[in-house]
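A.B. asks: Sequence:
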Amino acid sequence: MESFVSLNLTNNTSKKNQPKDIKDIVDTRMYKERDDLNYTLIINKDGNYSWRPLVLLHPILYVDLVNCLTKEDHWEELKKRFSEFKKDKNINCYSIPVEASKGSKRTDLGETILNWWEYFEQKSLAQNIKYQYCMFTDIADCYPSIYTHSITWAMYGKEKVKNDENKCSGSLGDKIDKKISGMQHNQTNGIPQGSVLMDFVAEIVLGYVDLRLSKELKKLENLKDYKVLRYRDDYRIFSNNRNDLEQIMKVLSEVLYDLNFKLNSSKTKLSDDIIIDSIKKDKLYWEEIKASIRMNATNLDGDREIRYSINLQKHLLEIKKLADKHPNSGQLKKALSEFNKERIIKITSKPNDLLPLIGILVDIMINNPGSLPQCVLIIGQLLNFENESKAREIVEMIINKYALKPNTEFMMIWFQRLTTIFGEMFDSVLSSEFVSKIKDPVSNQMFSVDWLNEDAKKSFYEGTIKDEEKYIKMSKKIYITEFDDFNDYPF
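Residues 1 to 491, numbered by my numbering, are exactly what the sequence shown covers, in order.
Each hint should be verified, as a subset may be incorrect.
[What the hints assert, rightly or not] Result set (DSS-like, lysine-lysine): computed pairs, CA atoms no more than 30 angstroms apart in a straight line:
1. K269 x K224
2. K89 x K45
3. K167 x K123
4. K350 x K290
5. K160 x K130
6. K314 x K123
7. K262 x K227
8. K45 x K262
9. K218 x K123
10. K167 x K262
11. K437 x K458
12. K86 x K71
13. K341 x K280
14. K160 x K215
15. K32 x K123
16. K86 x K280
17. K262 x K290
18. K32 x K227
19. K227 x K179
20. K123 x K89
21. K321 x K457
22. K167 x K179
23. K87 x K123
24. K86 x K32
25. K341 x K325
26. K175 x K32
27. K45 x K158
28. K269 x K321
29. K87 x K219
30. K162 x K89
31. K160 x K89
32. K215 x K281
33. K160 x K227
34. K179 x K79
35. K250 x K123
36. K283 x K405
37. K405 x K45
38. K401 x K390
39. K262 x K341
Hints are computed from structural coordinates only; laboratory data are not their basis. Quick caveat, the model's predicted, so the values are computed rather than measured.
Whenever a hint applies, use it, and build me the whole structure from the sequences.
C.D. replies: Here it is, written out as structure tokens:
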């Protein structure tokens, strides 16, 4: 499930019944005419009207594309192309999806985040030894801007494809192009967001941008020493010469434009303070606050423990200030996770200010939907101190308030998780297609099968998203490991 969808869903979602070996089962004439193949979750970004679609690809189409990419000769072709993308030592990419090692407590997403910290942030800081200036920029609307035909260009070069009589028809790049556009009703603008698979496909095109940028910059004889670091659609360009940075930005903009991309002007800035500007503002802010309220102490047994100089409510108010200054930030999620791990789970009796604590959490999660899993975790822990009647009343009030906001399905999914703590008492107020699928998978099919050939229809069983075995074993707790990809990391 982790590679299938990169969003934090609840831990009782199933990894079973996912097709692994699919050959010749797709009736292309039918599925490319369909616009209802995938399941789209609309994720609210700011609690109001900003949103992004997260696509759960039809499992058949997902595995079909994976099989295409990992076919031995295809995989070798991809590895060779990626090695060409990274030949220029002046341009480094650190966002190729990675897999957690066997036995590791980290998730694949956690490893990717760690990759960002170790290589993108830390190497940015190290550039201060050599360079005086840095240009920060990123690509606007990256995934929606990826033209599926550009995947073929990325594999073989745009000019070669344009000049080829058959436009490289039947090639690996062409196959990827057609499979992705086919799963989008033949739409060629944009690729689905929300899976590691599509992150990898995006890197094919973005790697080609790196290659094109390298070739164009080598044509500039007066260009002095420089370094380009890229993490997905984020760029950091270092130099000791402002004019060189402007030249590089001009070339980058032109290369991107030729591939249907454009730079995000609102996030582009030149800095002469590489250290401060290389670290995210939310991290700088919260580290300072945390240093003033958190301390390491020694208890009577001589063991080290973490203590705070302020009470729970004041601590949560500091986290709300962080949320207001840096909404939906990584540090907000980390701060909430630490608040739970270092304070909430140690509570042995009902706090006198339980309702105010929940009220602050509701404000944070409504205005910062990215923090939903963390906030629901803490609310669930606090509700353990209430009787079921009072807990139901509180949750109903939260859901009714949330219902006034658009695109609340992600919230419904996480509140459905509370049913493992308090039984089915919230079913009447939890309403969404995804939640209905979890509750009654037989009557609520998520993915269509009528476009498959007859053999595939017989062999493909969507199964249930809900892992009944895991659901039964779940105790009256939500564990931080269900979603916390920041837990126990050094950033």
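A.B. asks: Next, verify each hint and record whether it holds.
C.D. replies: Checked hints:
no. : hint        : in the structure
1   : K269 x K224 : holds (20 angstroms)
2   : K89 x K45   : violated (36 angstroms)
3   : K167 x K123 : violated (40 angstroms)
4   : K350 x K290 : holds (25 angstroms)
5   : K160 x K130 : violated (38 angstroms)
6   : K314 x K123 : violated (36 angstroms)
7   : K262 x K227 : holds (21 angstroms)
8   : K45 x K262  : holds (22 angstroms)
9   : K218 x K123 : holds (23 angstroms)
10  : K167 x K262 : holds (25 angstroms)
11  : K437 x K458 : holds (21 angstroms)
12  : K86 x K71   : holds (23 angstroms)
13  : K341 x K280 : holds (23 angstroms)
14  : K160 x K215 : holds (16 angstroms)
15  : K32 x K123  : violated (44 angstroms)
16  : K86 x K280  : holds (26 angstroms)
17  : K262 x K290 : violated (38 angstroms)
18  : K32 x K227  : violated (43 angstroms)
19  : K227 x K179 : violated (36 angstroms)
20  : K123 x K89  : holds (14 angstroms)
21  : K321 x K457 : violated (53 angstroms)
22  : K167 x K179 : holds (16 angstroms)
23  : K87 x K123  : holds (18 angstroms)
24  : K86 x K32   : violated (35 angstroms)
25  : K341 x K325 : holds (23 angstroms)
26  : K175 x K32  : holds (14 angstroms)
27  : K45 x K158  : violated (35 angstroms)
28  : K269 x K321 : holds (26 angstroms)
29  : K87 x K219  : holds (16 angstroms)
30  : K162 x K89  : holds (29 angstroms)
31  : K160 x K89  : holds (25 angstroms)
32  : K215 x K281 : violated (34 angstroms)
33  : K160 x K227 : holds (29 angstroms)
34  : K179 x K79  : holds (20 angstroms)
35  : K250 x K123 : holds (24 angstroms)
36  : K283 x K405 : holds (29 angstroms)
37  : K405 x K45  : holds (11 angstroms)
38  : K401 x K390 : holds (17 angstroms)
39  : K262 x K341 : violated (42 angstroms)
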